[in-house]
Amino acid sequence: MNVHLTNHKLSKVFGGVRALQDVSFEVFQGEILGIIGPNGAGKTTLFNCITGIYPPTRGEIILRKERKNLVGLKPAEVANLGIARTFQNSRVFSGMTTLENVMVGCHLWTHAGLGGALFVGNRVRKEEEEVIKKSLALLEFLDLAPLANTLANALPYGLQRRLEIARAMATGPQLLLLDEPTCGMNPHESKAIMEVIRKIRDRGITILIIEHDMKVIMTISDRVICFDHGEKIAEGPPEAIQKDPRVIDAYLGREEDAITAG
Amino acid sequence: MSQQYLPGKWKANPWLLAIIAFSFIFPWISPEYYVELAFNVGIYVILAQSLNIIIGFAGLLNLGHAAFFGVGAYTYGILWKFFQLPFILALPLSAVFAALTGLLLGLPVLRVRHDYIAIVTLGFGEVIKLILNNWTALTDGPNGIYGMAPPQFLGLILKSRIHYYYLVLVFVYLVLFIMVRLGRSRLGRAWIAIREDEVSASSLGIKIDRLKLLAFTLGAGLAGIAGCILAAKHRFISPAGFGFYESIIILCMVIVGGIGNIPGVVLGASILYIIPEIFREFSDFRMITVGVAMIFLMIFRPEGILGKEKRKTIWVQMEKREMR
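Top to bottom, those sequences are chains A and B.
Residue numbering for the first sequence follows the numbering used here, beginning at 1 and increasing consecutively.
Residue numbering for the second sequence follows the numbering used here, beginning at 263 and increasing consecutively.
Don't read these hints as lab results, they were simulated from the structure.
Note that the structure is predicted; figures quoted are calculated from it, not measured.
Glycine included, C-beta positions come from ideal geometry on N, C-alpha and C.
The reader is advised that the hints may include incorrect statements.
Straight-line distance between alpha carbons at most 25 Å, and here's what the computed SDA-like set of lysine to any residue pairs gives [claimed, not checked]:
hint	chain 1	residue 1	chain 2	residue 2
1	A	68	A	133
2	A	134	B	343
3	B	469	A	127
4	B	469	A	191
5	B	469	A	60
6	A	199	A	236
7	B	469	A	110
8	A	126	B	414
9	B	469	A	95
10	B	469	A	236
11	A	133	B	446
12	A	68	A	91
13	B	469	A	199
14	A	133	B	498
15	A	191	A	205
16	B	343	B	414
17	A	133	B	543
18	A	134	B	458
19	B	469	A	72
20	A	126	B	343
21	B	469	B	343
Computed spacing ranges between beta-carbons, pair by pair [claimed, not checked]:
hint	chain 1	residue 1	chain 2	residue 2	range
22	A	140	B	385	35 to 41 Å
23	A	187	B	461	43 to 49 Å
24	B	565	A	242	30 to 36 Å
25	B	376	A	229	29 to 35 Å
26	B	370	A	242	51 to 57 Å
Covered, in the sense of this in silico footprint (three residues per stretch, anywhere, with C-beta under 8 Å from a C-beta of chain B), are these stretches of chain A [as the list claims (entries may be wrong)]:
hint	stretch
27	66 to 77
28	108 to 116
29	202 to 208
30	223 to 232
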């Protein structure tokens with residue numbers, strides 16, 4: 001398998017807090033890589049470093065095909081290299097409609113600027129038409145089409161999460177970073193999202209997914225990485241991770257701790 | 263399917279046509295005093311809409327907008343003073359200089375967020391006013407610059423109120439056209455995305471710094487045009503008309519009209535200019551009426567005078583069409 005993205009010895013320090021410590025791992029082309037870990041383990045920090053929200057304190061993030069180090073790039077430049085993401089807390093554009101949200105996602109591969117806005121020529125009109133067509137298709141893909149004209153903040157939370165996925169997909173990514181996509185969903189909705197994630201992978205898109213719902217992560221992932229206190233403590237197929245004593249320790253606490261506490 | 267509703271295809275709205283027709287015959291059927299009022303309303307509509315690009319679209323709270331207005335007016339004044347440059351050549355230069363000023367202000371604004379933008383722009387507005395007041399060699403200081411010759415177009419000398427009314431009317435429609443087109447474009451969507459959530463917008467590949475600068479440049483350039491037209495009509499400019507008070511009034515027009523709401527802001531500018539005129543006999547106390555009106559508006563119409571922006575998106579229009 002080809003490597004899509006390499007993280008080499010990533011560290012991120014916030015004041016005295018070490019959110020990430022020498023984290024190295026590889027993401028393979030076309031896989032679903034699950035990332036788990038207790039709260040504050042550094043999962044979202046990792047996503048923020050990859051997407052350029054803030055730079056890591058040390059380390060490299062290499063996009064293999066482009067042979068490019070992502071460290072130091074701005075979020076827009078990272079997006080331009082085919083990396084899209086969703087956020088842990090829904091961050092849809094609440095004053096825009098569902099359709100418009102996805103249309104904003106098409107910004108990356110369209111070109112009309114100030115001139116295009118003022119003198120709407122044939123090229124701009126065609127581009128807009130394509131944006132609408134593609135956005136509607138994505139809404140269809142995520143079962144949001146009937147709500148195309150609803151303001152995003154009027155959508156229930158679960159659908160806002162879906163909308164965020166549609167919006168990220170609109171950028172045309174090769175790598176999609178999902179930060180707890182099933183957070184706040186009931187089991188039925190989670191199951192539907194898993195189906196969607198699989199379909200996205202079948203389109204040839206590599207997926208990195210942070211998830212707290214163990215059932216989701218263990219069913220959907222090809223491989224799983226577990227973080228604790230900013231360090232990578234385990235990596236492997238889901239079955240192995242589930243049995244890994246370090247992972248169990250991280251989630252349930254160490255046996256000695258329990259004994260001392262008791 | 264959606265072809266009919268893409269930007270560029272203009273759909274005739276009878277109400278809109280009536281208003282446009284009325285605005286063109288207005289000076290012939292009304293007393294001159296009202297034509298004068300309408301001219302000033304037009305200037306404020308341009309100013310409020312240009313600020314609407316910066317605040318309404320890009321979401322950057324600008325408290326120094328009158329500075330761009332002043333730069334536009336003074337560009338004409340100074341070019342006239344030194345080179346007797348005619349209005350028709352000064353007008354585009356006013357827009358360019360004001361736009362460059364906007365770009366200049368945009369650069370420090372990129373480094374700050376939220377409320378701090380208000381402070382930076384507030385300071386900037388005061389700096390411009392101080393320059394106008396104190397660089398006497400260039401601006402003649404508080405005395406102002408006067409004596410610009412009336413503008414000429416192809417032999418027509420603009421001298422009556424009606425002439426200036428039409429001059430400003432043309433630019434009001436130009437600015438409104440620009441606003442409507444921007445609002446429906448890829449650029450407008452990106453601006454609104456920045457306003458709504460910068461982090462999301464940038465993670466979708468929107469270059470926020472560049473677009474914020476563009477908003478400032480464009481908004482400032484249009485305000486500069488308003489300044490140049492005002493200077494041409496009054497044939498006199500002084501720093502007094504371009505201070506913090508003006509910035510705040512323009513901002514109030516945008517807020518009263520509803521931030522980002524294009525027809526609302528036209529209405530907001532008209533109301534806030536006309537109310538104090540109606541109560542002119544009470545001299546300075548008339549500003550109380552503006553204050554009271556604003557308090558009531560903010561209580562009963564916090565979203566702006568037209569209420570919540572009725573969003574007609576492509577999709578609504580598509581559905582309507584299918585139902586027919």
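Original post:
Hint by hint, which ones does this structure get wrong, listed from lowest number up?
Top reply: 1, 2, 4, 8, 10, 12, 13, 14, 17, 20, 21, 22, 23, 24, 29, 30
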